[in-house]
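Given chain L, work out where chains F, P and Y should sit, using these hints.
So you can see what is in the structure, the chains are spelled out below.
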Amino acid sequence: MNTRMKNLNKADKTAITAKETSTPIDKKDSHKVPTDNPVTYPREFPQHESRMNTQAVGQRATRPDGRLHGLGQTQYIDDIKFPHMIHAKILRSEYAYAKIISIDTSAAEAMPGVFATLTGKEIPTNSFGPTLQDQPVLADTIVRHRGDGVAAVAAVSEQVAEEALSKIKVKYEPLEPLFDVVESFGDDSPRIHGGDTNVYASKVIKKGDVEKSFAECDHVFEERFTTQMVEHVPLEPHASIASWDGNGRVSIWSSLGRITLGRQDIARTLDIPQSKIRLVGTIVGGNFGGKNEITNEPILALLSRKTGRPVKAVYTRGDEFVSSTIRHPFVMDYKTGVMNDGTLVARKIHILLDGGAYCSWTGTTIGKGSILSPGPYNIPNIYVEAYAVYTNKTVTGAMRGFGAPQVCFAYESQMDTIAEKLGMNPLEIRLKNAFSDGSSSPTSQRLQSVALKESLNQASERFGWQESEA
Amino acid sequence: MRPFEYIAPSSAEEAVALLVENGETARLLAGGTDLVVDLKHNAGNTNLLIDVSGIPQFRGIEETSKGVRLGSMTTFSEIMASSLFQEKMPAVIDGAHTVGAVQTRNLGTIGGNFVTCVPSADSAPSIMVLDATVIVTGLAGSREMPVADFFVGPRKTALKPGELLESIFIPKASLGKPSAFLKHGLRKGQALALVNGAAALWLDKDGKILEPRLALGAVAPVPLRAVKTEAFLAGKSVTDDVINEAAELAVSESRPIDDFRASANYRRQIIKVFTQRVLKESIRIARES
Amino acid sequence: MIKKGRGMACMWYPIGFTVMANPSAATVKVNTDGTATVLTGTVETGQGALTVLGQIVAEALGIATDDVHVVSADTDTTPMDYGAIASRTTYVTGNAVLSAAEKARQILFEGAGPLLGVPVDQLKAVDRKIEVLGFPSKSLGIDEVSQHCEAVIGTPSIGSASYNPPTVEMDPETGQGKPFNTYVYATQIADVEVDDETGEVEVKRMVAVHDCGTPINPMLVEGQIEGGISMGVGFALQEEILFADDGRQINPNLTNYIMPTSLDMPELEVGLVDNYDPTGPFGAKGAGEPTAVPTAAAICNAIYDAVGVRITTLPATAERVFGALQELKKAS
Amino acid sequence: MLVELTVNGEWKSADCPPETTLLKFLREHLMLTGAKLGCDVGDCGTCTVIVDGESYNSCLMLAARAAGRDVTTIEGLADSQGVHPIQEAFEELGSLQCGFCGPGMIMSAKNLLDKNPTASRHEIKDALSGNLCRCTGYTKIIEAIEGAGRVMSSDKYPQSNTF
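Chains as they are written, first to last, in this note's numbering: chain L, 162 to 631; chain F, 4 to 292; chain P, 167 to 498; chain Y, 315 to 477.
Because the hints were derived from the structure by calculation, they are not lab data.
Idealized CB from N, CA, C, for every residue including glycine.
Be aware that one or more of the hints could be misleading.
Restraint ranges, calculated between C-beta atoms of paired labels, are given here [to be verified]:
1. L/Arg607 x P/Glu339: 43 to 51 Å
2. L/Gly469 x P/Gln272: 43 to 51 Å
3. L/Lys332 x F/Gly144: 29 to 37 Å
4. P/Glu335 x L/Leu293: 42 to 50 Å
5. F/Val155 x L/Glu581: 51 to 59 Å
6. P/Glu335 x L/Val360: 19 to 27 Å
7. P/Pro322 x L/Gln236: 29 to 37 Å
8. Y/Ser394 x P/Thr479: 28 to 36 Å
9. L/Gly469 x P/Gly307: 46 to 54 Å
10. P/Tyr442 x L/Ser629: 26 to 34 Å
Computed footprint of chain L on chain P, listed as stretches where at least three residues anywhere in the stretch have a Cβ under 8 Å from a Cβ of chain L [unchecked claim]:
11. 196-210
12. 245-251
13. 286-298
So here's chain L without its partners, still in its complex pose (with noise of 0.2 Å):
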């Protein structure tokens, strides 16, 4: 590779050694002697007391994975390597909603170095999606947002995938997109994906009669919450690779936090029996919710099965931005009816959520939203009104509490609201109205191990809160 180097007078290799702050090196002579992979691990293993203890249940035990984190030693699938490994990239959407007219791929494949490309037509069932499958593994008709995928190219390195990638030309209609969750639940929105409307999950949860309390208690009280679009930000972003053997069964590595589920998923989408594949968790670098679904595994089984070799993709940052799952933002109004004594007595909530393009883990988040809605509070009237629509936007799928951190801001924002109007300590009403043992959930549940007013005592000890007070 030398030969690329530009030759310069004077400056040959010493020139790219030169560097005012080096330190001379002495030991150039050595590197004739082939030394192994400059790494020493201790031959002493850890013997920590917190594992050693036959009463295990309540132990500090160290992890088993603690110290090889901290060696470096643990394997991430973008740390495994096979021989004869190629590299795939996908090519996402230009728009964020428009038809596809056309894909043309032979620019990329003619390039030096690329193996194969794939497109969506070419996967046997270009669907998935844990609740609803309506999103497709790479877009072969529409695209509905920004990240959805369009083509693969596998290549001998990342550098040629990438270059390839950009010989890849994609021809589109451009549609009127929708980026409003408001909009979009309005009746005459056009429908992102057909049907008769952009409301593609919802969830109704009803329990005394609201209406007549809100007309007998002391105060109502009514605002609106909204919150945004986050993402989970896992340290290692989303990696896989595919083998497909000669026996026609593929094997796969993957950062997916749900090995059982991810088979059935990649056994539709290639449509081959589930005992043809085989698929490997590793240790997962953060998952936080957004590595539980498939993403580009079929992408590339089909890219191992057309090339023979084993196929690793890693998402690059933006990736991972663009194209995982992120948190669904809520639009949540609260009416909530209370006496003079601070005792809750109805609330009724509607919800809005941006679901993004597909469906993805909506089902779960509008659910848990809706349940945990009114808050752990013994409220005997109780409507709540949940709605996910399309958007085109990123998808939003499973985050770290499914809709309670959303609606916990809401009801628990409402709930200092509500003290301060009655002039009572945010302690205290929380106190008055919080769950015990046997409380009544919003669904009728009877409930049990209930610590909450344990939780808000001690929390409020530790803090020093009823010494902190103005």
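Chains F, P and Y alone, transformed into the frame defined by chain L:
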């Protein structure tokens, strides 16, 4: 990254020759904290990197009878470790300290930061208030200009084709001048500045402001010397009214933009508050010294 | 001027999927030297799942955590599991490994009973021994018993089991039903400083007291809470994916997507309430997701306490807080 | 181009294209996969290594720039006698969860403690601001570094230890 060639010349003359020979297809590599990122996103027509970071002429911090010469390839960490800066220009250290994180400061150079020429360059304001100049070198020899003249527009400097930033010069008169640096970002660690600013001034024995200097970053297309504000402050006694009026003037001299990080309106508020604070801080330092 | 404020928020959170069956299966094999191997289809995603599962099995078999090796996440070798999601691993997979361990233990008891001359229901596994209840001196080493079961009786000590949390379908009209088998609870309290000239919020300290049932490994629970709070701080103050008019993300990188760095984190004080859920393995519930739930509300309540503005749109960026302060000024 | 350098005390050389970053060079040419690729643009710190006693984001440094210099990676911290005090403290306190930020985090900690073993809590936070972590809230990481600092500043700790 797309392929390119790499050369590390050992002298400024060689670097200039390479730059002239290769024209726009060559780019100078200093620390690389901006350039390497750029190349990863879009290499454009770059096919040669000329690594000037090790050229002795561009390195080092020296005090002479006239002032301090700061080699353009000095890293932020080297500035922070310099006892000369610690003793006589602590605001420059504060500015350097807010550049990225440790790893960035170990790699990034002050010259690279200047040449990248983003409006929010954290190293610029605290240097500008010291009446510093830059020395550029090229085929036609060297020339010197005030730092403010070096910044022409966003990502655009006064460097002509074939010219390199050789060093920054801080005049003796500015050494030990009471000064302060402040930055407002979207978070505490590794933050890009929404507004940064530095002030330097002397107080005479009656407490009047002498030779006031105020520089603000991220408030205009380039790091800005607030010359009207400086003129207003000169010779004034320190009162709340004076500081408030100066802050309003600084706002009027600025041309903040609306972008996804903040609205222009909000930036104006921060400029006002930060001008007040950085002036008060430099006055406090002046009173203590 | 810097204004100080404090705010609290509490929360509840369920363990496992909503109504939908979400089983986990597991296999526990007691080796002839008294150590054990666990097979689980869940995935270690950093939370320490495998450590906790190992502790549960160790406790059930009366051996040490270090005696247990957990094999996970390979569809060719490990049993089905619905995965590291919905804060379900300690509870659902934990109940599965516990049942599997109990089955393996039952085989040991059946082997040891005749040797010790007592009925099987009078045995317990403790301290690497199978011991007669009330007669600690009458015991056999678990290694001995395991070897006996496998090599003499011919019934190796292997147990397989599954667990699915019992739920009741929600009524489609009213939503009434039992969507989850159990819930956890928590309170977080924030101490903040708000700069009323810039709107900047600094969270100085957070106290968090969580219920997770029995903490199988308190150190790992603390780690979950501390990490959850950092995600909550980002949600409250900094993080937001922004879009251009054409639907392109404006800040799809870690330069412009602002998440907390070490300098942005408050000092944390974490506590656990004493609780026991009879439906969980050794009384345990879960800890993953709920840790990130109340943080934003606590911080926003503290902002209100400090400067009197109610933030109703997240994130509470300095500009948004300052804007709200301006509105407040106008109104008064 | 041929890049020759010292890695973890051993003289190494490998041929690579000029655009190769030090991170790629270590991971793909020397098979040292301890340093991780998290963002590839110097924001996250998972690729942190130490070169001539200073920490760098190896994703931003060209391998050519490291030529002739002395590179320490996470693989060079432990020796056959045992792990480095920082590694030990991280392990005992459960400071790492998913572990992906770990190697970079530990290298940043080493860079700090080698220079200032009695670093204050604030100095530790400042030194880690270039290493993002999403799992831990940094709390147990900071505690571990405080603990390791106490070990490294004690009389018993060998001061000549350069790796």
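Status of each hint after checking the structure:
1. L/Arg607 x P/Glu339: 43 to 51 Å: 21 Å, violated
2. L/Gly469 x P/Gln272: 43 to 51 Å: 49 Å, holds
3. L/Lys332 x F/Gly144: 29 to 37 Å: 55 Å, violated
4. P/Glu335 x L/Leu293: 42 to 50 Å: 19 Å, violated
5. F/Val155 x L/Glu581: 51 to 59 Å: 54 Å, holds
6. P/Glu335 x L/Val360: 19 to 27 Å: Distance hint for P/Glu335, L/Val360 holds at roughly 22 Å.
7. P/Pro322 x L/Gln236: 29 to 37 Å: 31 Å, holds
8. Y/Ser394 x P/Thr479: 28 to 36 Å: Between Y/Ser394 and P/Thr479, where Cβ atoms are some 57 Å apart, the hint is violated.
9. L/Gly469 x P/Gly307: 46 to 54 Å: At roughly 53 Å between Cβ atoms, P/Gly307 and L/Gly469 fall inside 46 to 54 Å, so the hint holds.
10. P/Tyr442 x L/Ser629: 26 to 34 Å: 32 Å, holds
11. 196-210: Three-residue rule met by the segment 196-210 of chain P, so holds; n is 3.
12. 245-251: Satisfied; 6 residues make the cut.
13. 286-298: holds (count 3)
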